[in-house]
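Undergrad: Each chain is listed here by its residues.
2 protein chains.
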Amino acid sequence: MTRDDALALDAEDPLAALREQFALPDGLIYLDGNSLGVLPRSTAARVQQVVTEEWGQGLIGSWNAAGWMQLPQRVGDKIATLVGAAPGELVVADSTSVNLFKVLSAALQMQQADAPQRRVIVSERSNFPTDLYIAESLARQFGCTLRLVNSPQEIAAALNADTALLMLTQVNYRTGHLHDMADLSAAAHAAGALAVWDLAHSAGALPVQLNADGADFAVGCGYKYLNGGPGAPAFVWVRPTHVSRFRQPLSGWIGHAAPFAFTPGYQPAEGITRYLCGTPSVTATAALECGVDTLLAALPLGGMAALRAKSLALTRLFTSLAETRCAGHGLTLASPRDDARRGSQVCLARDDGAYAIVQALIARGVVGDFRAGDAADGLPDILRFGVTPLYTRFVDVWDAVEHLRQVLVSGEWQQSRFNQRSAVT
Amino acid sequence: MTRDDALALDAEDPLAALREQFALPDGLIYLDGNSLGVLPRSTAARVQQVVTEEWGQGLIGSWNAAGWMQLPQRVGDKIATLVGAAPGELVVADSTSVNLFKVLSAALQMQQADAPQRRVIVSERSNFPTDLYIAESLARQFGCTLRLVNSPQEIAAALNADTALLMLTQVNYRTGHLHDMADLSAAAHAAGALAVWDLAHSAGALPVQLNADGADFAVGCGYKYLNGGPGAPAFVWVRPTHVSRFRQPLSGWIGHAAPFAFTPGYQPAEGITRYLCGTPSVTATAALECGVDTLLAALPLGGMAALRAKSLALTRLFTSLAETRCAGHGLTLASPRDDARRGSQVCLARDDGAYAIVQALIARGVVGDFRAGDAADGLPDILRFGVTPLYTRFVDVWDAVEHLRQVLVSGEWQQSRFNQRSAVT
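From first to last, the protein sequence lines are chains A and B. For the first sequence, position 206 (counting from the first letter as 1) is numbered 206 according to our numbering, and the numbering increases by one without interruption. For the second sequence, position 2 (counting from the first letter as 1) is numbered 427 according to our numbering, and the numbering increases by one without interruption.
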């Protein structure tokens, strides 16, 4: 595989034109869309319209005239098409953490009503920490415990008559392991538990089938593969058979059945609207819509299935190039080799220097990120490279691995400037 | 008082130039800044910079390089100067409803630890509904009850040995009644209760002294008098002696002591940072900062005290003109006549037609709003006119009342088109 071969793959890529939707910095190879997606070209003008026209000129009247009141549902319906949900089942709101609080609380109320002896939440020790923190808070409130397993293989065996919930991020943020939503939801149900899924690293990255695969509750992130911008609002979905059974505790006025009746008693709206809480962030939700639209643009070209096929081709190429061209430099593959179990990222482990190598790559214009290991848990330090099939090219992968090879061969990563830690890595 | 007199007041107003900070629609008299503040001239360019430069070019690196990580604290420190709090005591986060959930939960935990027999939350029946809804949810969780009083005069007498919390919006959204924060906080403390304040209609509208006036917890809104834009992030403050005693339940990663250590156990940050939850909305927080800066621009001109003096002059003028020039048309004053008890709005009650009169005024370019009454609770329908001393002129007040007079005299409000209700009123 030569660089020209990679260029040839780009030349014949039927999705190549989708990259034109983005305002990418010149010369940058951005492999961190799993942390913060890139800016769509349409966003700046749309945000400007919201600010100067809808807010500046329309003022309070824009809640009706510009459709602001329906934004959480309208953008939610668009996201629903990407994750196997139906219109009216999903809304945009708050942050992923806040939405996870809502769904975990509702799910625990369900089990309290249906099977009160079930008091264990099962998850992965390497799940994204905010998910574990929110679960820890609710476990305390509901008198439950959190049981963390160390590998995907241990999950099914951990489900038993004590299990209330199985809570997983569909694609593990550290390892890129893609859980089988259908199998694990079925295993949870077979054990009498409910399945709560965080789609942070899967929504917009690969086909998700919430309804078909048996999920009970789901949340997801707006600023990774949905390209909604830094701190974009998140989303929340609840299986229709559950959604109106319980109240979520963040009972703000926008989730009320009649928010503008201004009545003192809380009466939750029917359906997913009850998962809204306070006044929605209009500018941020409008920006998120632009990001979601970049994915909808792929629908005529095969949609999420076509994007997934390209994502797998990109991560296969990255893995194969890294293993051949960077052999002998202490890197080991930490993401799954099996296509069916790999998300849209490649993770490489190294005993030492992973942080500095990532920094040296960034200095060369190749942006991946570093995730610290945990010796106590047997987790290695990780170099993480996310591919985003909407805009990552095969030649980007080729060039990124070549830079990695040069960084390793030259030893330039050992310069002290690459070891200075900053607040966010 | 003639229109020329009003123009003369504007000509000699030392705060008049502050209006230049805003991009107001031509010819509009906007008296709804207590619902959605107007657009500062600086916001569009700043938002564009965040979108195209910081996000578009800086991408993930902007969390450090553009100071995104510190935005909640940086803008929080600015708001602190407006509400009598010290730097480091206040952060921008989430929505008012979500922040109220956090502080009520912490306050109830405090009472559970210190005085578990106290199980009543006292508030006003006409408090903004979302505050009551959130309190209702937490009352259920903590085994408490919500006791709602019908008038400000009943509050002190409602505080007793059962009271856990007094929860009030400092300025009542319906009536414009300004509670005495010092007196009522002292009354709460004398009864052994904690005082929780919502500053939605006071932060940026009048001087607030959270520390000096004995508040225990406070939340506030970014999109009213702080001019942060539709659905802007809100803020949260906790008295320093309380802040690290308890965890708030929305234990997201940004409130963790070391968010980027990615450890599985939640360890809350010290101080107000533990009141953060998920990833902050960068664009929305940057827009809020522009709004807050329009208030900080008043500091050399006397700050909140000078703005308050102008606000009172404006509401006095509105009240006096409405009572003289609109006499005989069935309007009664529903906001306090006493300057010391009036927020930054004038409320007029009418037995019928209030909705249509507001619509007829909007058609003339005078934007106030309507708040429905509740016959069961003896609350009348309200025409609400908010003044914002940063940009409302004396002549705006004169013209608004003249339009109101013409609408009443002509009977034009009785046209059927003014009675068609829309989703948001």
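What the hints contain is simulated information worked out from the structure, not anything from laboratory work. Please note that a few of the clues may not be correct.
Said to hold, decoys possible - Stretch by stretch, here's where chain A covers chain B in the computed footprint (C-beta under 8 Å, at least three residues):
#1 533 to 546
#2 630 to 641
#3 729 to 741
#4 758 to 772
#5 822 to 833
Said to hold, decoys possible - Far from chain A, by Cβ distances over 10 Å, these chain B residues were calculated:
#6 Thr427
#7 Ala615
#8 Arg672
Only a predicted model underlies this, so the values are computations on that prediction, with no experimental measurement involved. Beta carbons: idealized from backbone N, C-alpha and C, even for Gly.
Undergrad: Count the residues of the region 630 to 641 of chain B with a beta-carbon closer than 8 Å to any beta-carbon of chain A: does the count reach three?
TA: That given contact is violated, which follows from only 0 residues of the region 630 to 641 of chain B lying within Cβ reach (below 8 Å) of chain A.
Undergrad: Report holds if the minimum CB distance from B:Ala615 to chain A is greater than 10 Å, and violated otherwise.
TA: holds (27 Å)
Undergrad: Was B:Thr427 rightly flagged as not at the interface, with every chain A Cβ beyond 10 Å?
TA: holds (29 Å)
Undergrad: At least three residues with a C-beta closer than 8 Å to a C-beta of chain A: is that true for the region 729 to 741 of chain B?
TA: violated (count 0)
Undergrad: Using Cβ atoms and 10 Å as the threshold, tell me whether B:Arg672 really stays out of contact range of chain A.
TA: violated (7 Å)
Undergrad: Tell me whether the statement that chain A covers the region 822 to 833 of chain B is true, taking a Cβ distance below 8 Å and needing three residues at minimum.
TA: Contact hint for the region 822 to 833 of chain B vs chain A: violated, 0 residues under 8 Å.
Undergrad: State whether the coverage of the region 758 to 772 of chain B by chain A holds or is violated, taking the criterion as 3 or more residues with Cβ-Cβ distances under 8 Å.
TA: violated (count 0)
Undergrad: Quick check: do three or more residues in the region 533 to 546 of chain B have a beta carbon closer than 8 Å to a beta carbon of chain A?
TA: violated (count 0)
The structure shown violates the earlier hints numbered 1, 2, 3, 4, 5 and 8.
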